[in-house]
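Chains as they are written, first to last, in my numbering: chain A, 74 to 193; chain B, 1256 to 1412.
Treat the hints as calculated values from the structure; they're not laboratory data.
Treat the hints with caution; some may be incorrect.
Claimed, not checked - What follows is a set of in silico ranges between Cβ atoms, one per label pair, in the way DEER data are often shown: (1) A:Glu-136 x B:Gly-1400: 14 to 24 angstroms; (2) A:Leu-174 x B:Pro-1356: 21 to 31 angstroms; (3) B:Asp-1376 x A:Asn-122: 12 to 22 angstroms.
Every residue gets a Cβ at the ideal spot worked out from N, C-alpha and C, and that includes glycine.
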Amino acid sequence: MQIDGYFNVRDEPVIKLDVGSSQIEFLIDTGFSGGMIIPDRLAKGLDINYDRGLEEFSSVTGETFLASGCSMTITWFGQSIRVPVATSEKVELAILGGNMLKGCRLIIDYVKRTVTIMSS
Amino acid sequence: MSEVRRPIDPRDFTKIPRIREIIKTLPEEIRVCSKHGKEVSIQESDFSLNPGPAAPFNRADWVGCCEEAIDKVIEGVRETLELIDRAKQTYMDELARKLEPEHTGEIVAIELGTNDYFVGDDELDASDKARAAGHAGALFFLRVGSPYAHRLMTPRQ
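Please model the entire structure based on the sequences and the hints provided.
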């Protein structure tokens, strides 16, 4: 099975995922070690389960920031699954990181302009 | 309903995102005024063309329905910050030697207050274990072997 993405207007590799009844565009960021992080402004409209969790992130500038550690249900390779997600006002885009890609093959083809995530 | 505003010291403007995250984890009886049913929040204003060096705004206030409600939330935030520091200290003093290297790379959820801990593959796994064991308190997640849970290496903004 595979999930097809695309390059957004800033020429970044992204995928769209179903989150409840919404569709969210996630930047694929292998420089992010977590699963997903969503800006607060997007999180407000989503069915996110805030279960009183907090976690610290370290950013490229060396700054650490606090985010809420929560969970939500997404459609991933056709299956509805519950995943951990962080929400923060310190990010501007929804980001999908390396933890979501475990057991997958990510192909970003800058020649063919395709973005593909394949399950192993 | 009346509204009370309490200015935040400009030296604390950089702490606002951190404070907001903590407010989300406070129990409803602290976040929401028991008398008036209104949530306490932080509001920024005066987004002038010449903002201060620390933030893109010149003023920020605690906003609530009464002074008591604001006091309660400020106290809840202060307490949570202390508990986070204590959880980090507990990790360094006790948990690191128990969990590393066997669980390095996994996520540990430390319950704030009790410092009871649960290890999982990710935050959801660790949190589910904590809740299944009857722990309802706020959880602080750390990656075993690291001073924080995750790194975000792509520059933003």
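Taking each numbered hint in turn, which are not upheld by the structure, reported in ascending numerical order? none
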